[in-house]
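Visitor: Read off the chains here:
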Amino acid sequence: MTTGTLTAGRTRFRLPRKQIPVLATLALLLVMYGIGVSQYTAFSNVQVIFNVFIDNGFLLVVAVGMTFVILTGGIDLSVGSVVAMTAMVSAALLQDGMPAALVLVIALLIGPTLGLLMGCVIHFFEIQPFIVTLAGMFFARGMCTFISGASIPITDGFWTSMSQERIGDPRGNFVSISVLIAFVVVVIAAYTLAYTRLGRNVYAIGGNPQSALLMGLPVGRTRIAVYTISGLCSAIGGILLSFYTLSGAPLIAVGMELDVIAAVVIGGTVLTGGAGYVFGTVLGVLVLGVIQTLITFDGSLNSWWTKIVIGGLLFAFILLQRLIGIRYK
Amino acid sequence: MNDTMSRYRTMTGHRLFWPAAVLFVMLAANTIYRPGFLSIELKDGHLYGTPIDILRLSAPLILVALGMTLVISTGGIDLSVGSLCAISGAIACMYISKQPDQNSVGVVVTALAMAMGVSLVLGAWNGVLVAVIGIQPIIATLILMVAGRGLAQLITEGQIITINSEPYRAIGLGHALTLPLAIFIALAAALLVAAFTRRTALGMIIESVGGNAVASRLAGIRSGRVIFLAYVISAACAAVAGFMMTANVSSADGNAAGLWVELDAILAVVIGGTSLAGGRFFLSGTIIGALIIQTLTTTVYAMDISPQTSLLFKAVVVIAVCLIQAPAFRARFSRRRRSAPPPAAIADKPKEQVPA
Numbered sequence: 033m034t035t036g037t038l039t040a041g042r043t044r045f046r047l048p049r050k051q052i053p054v055l056a057t058l059a060l061l062l063v064m065y066g067i068g069v070s071q072y073t074a075f076s077n078v079q080v081i082f083n084v085f086i087d088n089g090f091l092l093v094v095a096v097g098m099t100f101v102i103l104t105g106g107i108d109l110s111v112g113s114v115v116a117m118t119a120m121v122s123a124a125l126l127q128d129g130m131p132a133a134l135v136l137v138i139a140l141l142i143g144p145t146l147g148l149l150m151g152c153v154i155h156f157f158e159i160q161p162f163i164v165t166l167a168g169m170f171f172a173r174g175m176c177t178f179i180s181g182a183s184i185p186i187t188d189g190f191w192t193s194m195s196q197e198r199i200g201d202p203r204g205n206f207v208s209i210s211v212l213i214a215f216v217v218v219v220i221a222a223y224t225l226a227y228t229r230l231g232r233n234v235y236a237i238g239g240n241p242q243s244a245l246l247m248g249l250p251v252g253r254t255r256i257a258v259y260t261i262s263g264l265c266s267a268i269g270g271i272l273l274s275f276y277t278l279s280g281a282p283l284i285a286v287g288m289e290l291d292v293i294a295a296v297v298i299g300g301t302v303l304t305g306g307a308g309y310v311f312g313t314v315l316g317v318l319v320l321g322v323i324q325t326l327i328t329f330d331g332s333l334n335s336w337w338t339k340i341v342i343g344g345l346l347f348a349f350i351l352l353q354r355l356i357g358i359r360y361k
Numbered sequence: 071m072n073d074t075m076s077r078y079r080t081m082t083g084h085r086l087f088w089p090a091a092v093l094f095v096m097l098a099a100n101t102i103y104r105p106g107f108l109s110i111e112l113k114d115g116h117l118y119g120t121p122i123d124i125l126r127l128s129a130p131l132i133l134v135a136l137g138m139t140l141v142i143s144t145g146g147i148d149l150s151v152g153s154l155c156a157i158s159g160a161i162a163c164m165y166i167s168k169q170p171d172q173n174s175v176g177v178v179v180t181a182l183a184m185a186m187g188v189s190l191v192l193g194a195w196n197g198v199l200v201a202v203i204g205i206q207p208i209i210a211t212l213i214l215m216v217a218g219r220g221l222a223q224l225i226t227e228g229q230i231i232t233i234n235s236e237p238y239r240a241i242g243l244g245h246a247l248t249l250p251l252a253i254f255i256a257l258a259a260a261l262l263v264a265a266f267t268r269r270t271a272l273g274m275i276i277e278s279v280g281g282n283a284v285a286s287r288l289a290g291i292r293s294g295r296v297i298f299l300a301y302v303i304s305a306a307c308a309a310v311a312g313f314m315m316t317a318n319v320s321s322a323d324g325n326a327a328g329l330w331v332e333l334d335a336i337l338a339v340v341i342g343g344t345s346l347a348g349g350r351f352f353l354s355g356t357i358i359g360a361l362i363i364q365t366l367t368t369t370v371y372a373m374d375i376s377p378q379t380s381l382l383f384k385a386v387v388v389i390a391v392c393l394i395q396a397p398a399f400r401a402r403f404s405r406r407r408r409s410a411p412p413p414a415a416i417a418d419k420p421k422e423q424v425p426a
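Protein chains in written order, with the numbering used here: chain A, 33 to 361; chain B, 71 to 426.
By construction, these hints were calculated from the structure, which means they are not laboratory data. What you are looking at is a predicted structure, and each value in this text was computed from that prediction instead of being measured. Don't take every hint at face value.
Said to hold, decoys possible - Derived list of chain A stretches under chain B, where covered just means 3 residues or more per stretch with a C-beta under 8 angstroms from a C-beta of chain B:
1) 160 to 166
2) 185 to 199
3) 291 to 300
Virtual Cβ for every residue (Gly too), placed ideally from N, Cα, C.
Whole structure, please, built from the sequences with the hints as guidance.
Guide: Spelled out as structure tokens, the structure:
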């Protein structure tokens, strides 16, 4: 009784601790956008925001998958390579004249299959996720160059129409189909995490795997599932990237896993697992996108400033999580 | 019969057996594929040959992996070493390129000292984040991994800085006693680290901190300082490796120098038998691990396969070595192979581990 009223009182009068990182990210995003608008007149154009989504749609999808993995306390380093491999396989198969629908199915199966295998190795042989997914990263990147050493253009009708289709209002502001797909993925992921048994299991395992096991939760199954989900998201991300670039290149998305992990952390997900939201990840991706846009608008700053700023933000957010006392193991 | 069986078991149970076996198999396969593989010849007073090349090229990786071994042993991980290599190389090359006389030894020594100083500061930054503020190591060093690349590009202003300095070039390509100098640098670093960790209590202290930081602190060890020290040593090793990498090509590229070396180094450490969870560490295993990785790369080059595709082979070797070493996999495998009852296998385990 007493604890019940206490927690109720707390949520009414104080910000819930768990949501402070997400709110801080939101504040940061608004401040950055405000700076942009005050400095550059063209920044207030709605299309600027739409462009952030168009340019980062694939990153968003991959980051959502990574959120699942990080929530269980794991990590998936293979995402960037899987994205590249998916784009590469689609480009190669389309070049051979395979019908687009079949290519989509095959491309979407590769990621989850690799994720499932990695999840099984992690669970059954108790090897650290870091090493297993590192091997997965090497494998997928190696497969890319194995398929072709050079970039393959995509000329397929379905792909080009997906790439060029503009959905928007008559004034000229538009989004691409990729953005809609990314939104669908985000909504499904948010629903899964918040309202399904799988989602609650993910949080429970991230909180404490031992307790989760003792409670009788399917730890193994869930752990394998999150790596499969991450693989699926990477595959979708790869398809979106191939829509965006209309090609498959062996060295595309190198180092993307770092951007994804940074986005998830900036979005308030704790790396030891157990706390975080898909909504936070969306904000994290937006923060990265707005930084890039700001640096592009400025013109005098070079691209490497992006990395330095992202590093600085990572530091600030981790310090924040530390200060408000979210549990670290 | 029983005696040979148990001797076989102790041998395969030895921590260096599987890594060494993998290295041996790779060398043997190479020799079969290309009979001249192991031949070494003397030219102009220097030894040449593929084995020498493998040793020379693996020197930077050995250096980085040595530092990484200590960090991993404390239960941490250092993802920033690749960026540190790029930063140290960039600073040294930048300073040398600005001097009128690039061949002066004094200039090179100043450049090395400056770059080493900055690297130590960055290593201390990592150490403070992990040991004082208590941030999870993988994230604390991820900050510098991302931002460090940017810093290196900032130092070189996005250009590839080419230098023409004989003394600096010698770090990567020079010779001493018929062997490449790089081998001696790596060897010296390995002996230094081994002497400090195995001839003093430092090694055991590091292992105890990695095993249980809180318990070690209660036992009177200043865990924080030990962890801090490990990150600083790792940064110093990375800096020297950075000098070697840039000296090899006489230029500093903020973007490409030391790219993915952190992953190779972590692999070398894991292949060498040190657990990522921390605790016991094996320097000799790490060196064998680094040699395995370099041999694999050289093999793939020799077989005319594109360097990127070599990642495929790397993936296979990584998984194979990790599976062989994983207790869960071994238990499954041995249970299936022999019809020995499982309790026997469990009873054997602690026995194998105690002397190892």
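Visitor: Hints first: check each against the structure and report whether it holds.
Guide: A quick look at each hint next to the structure:
1. 160 to 166: holds (count 5)
2. 185 to 199: It is violated, with 0 qualifying residues against the three required.
3. 291 to 300: holds (count 3)
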